[in-house]
Amino acid sequence: GAVVSQHPSWVICKSGTSVKIECRSLDFQATTMFWYRQFPKQSLMLMATSNEGSKATYEQGVEKDKFLINHASLTLSTLTVTSAHPEDSSFYICSGGDNEQFFGPGTRLTVL
Amino acid sequence: GENVEQHPSTLSVQEGDSAVIKCTYSDSASNYFLWYKQELGKGPQLIIDIRSNVGEKKDQRIAVTLNKTAKHFSLHITETQPEDSAVYFCAASIRRNYQLIWGAGTKLIIKP
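In order, the protein sequences belong to chains U and L.
The end of the first sequence is residue 670 by the numbering used here, with every number in the run present.
The end of the second sequence is residue 250 by the numbering used here, with every number in the run present.
Simulated from the structure, these hints should not be mistaken for laboratory data.
Bear in mind the structure is a predicted one, so any value in this text is a computation, not a measurement.
Honestly, I wouldn't trust all of these hints.
To be verified - With a straight-line cut-off of 25 angstroms between C-alpha atoms, the simulated SDA-like cross-links for lysine to any residue are:
1. 245/L to 658/U
2. 599/U to 206/L
3. 245/L to 600/U
4. 209/L to 600/U
5. 206/L to 187/L
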């Protein structure tokens, strides 16, 4: 199947700083990518749908000014967690694909 | 809104026995049903999927069955092996590559 990579795989940051997570489709072009967050022992929660060349669509309850999404090319979408706080600590996963969704390996964010 | 209920939350089976996980969905417009396997610290991986016009699909030791009338679909794993231990998520969608509605997950433990 197709490959989706994420970088970094884990990051630790101080409260108040911003963190950028990259999601790349390595062998296909993705006009749409999805960003999820997952808390321990819970299911994936869709945060937003990232659309290449246009604004992302955010799910209800997700602050668009806090979770900035940029989908500048057909192979790259980025999620920036601005002014991160400990409650933002989570596992962030992206996915993309044409006929099916391929998931990245996830990024573990820990905010101290 | 649409939701998918998944049971059980934890399933422990003896190695070599079969495991069955069941999901019930609410949106009758759902046409595409998927099962993902997630290992610790990794993103989900699609293991099998089925469209609404098919009642059953099998891939070696893994099978998915769908009952559209009752609005439920199940994952069957036969001859379980230690490497089958993981968290399994079901998901439903109205079409391929569209937003997925996720179940809560089942932790499958294979006892040696």
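Checklist entry - For the pair supplied as a hint, residue 245/L and residue 658/U, is the alpha-carbon distance within the 25 angstroms limit? => result holds (24 angstroms)
Checklist entry - Within a Cα-Cα threshold of 25 angstroms, do residue 245/L and residue 600/U meet the stated pairing? => result holds (11 angstroms)
Item to check | Pairwise hint evaluation, residue 206/L against residue 599/U, where the allowed Cα distance is 25 angstroms at most | outcome: Judged against 25 angstroms, a Cα distance of about 29 angstroms means the pair is violated.
Item to check | Restraint check for residue 209/L with residue 600/U, where alpha carbons must lie at most 25 angstroms apart | outcome: holds (23 angstroms)
Item to check | Straight-line alpha-carbon gap residue 206/L to residue 187/L, limit 25 angstroms | outcome: Since the Cα atoms of residue 206/L and residue 187/L sit roughly 14 angstroms apart, the hinted pair holds (cutoff 25 angstroms).
Hint violations for this structure: number 2 only, all remaining hints satisfied.
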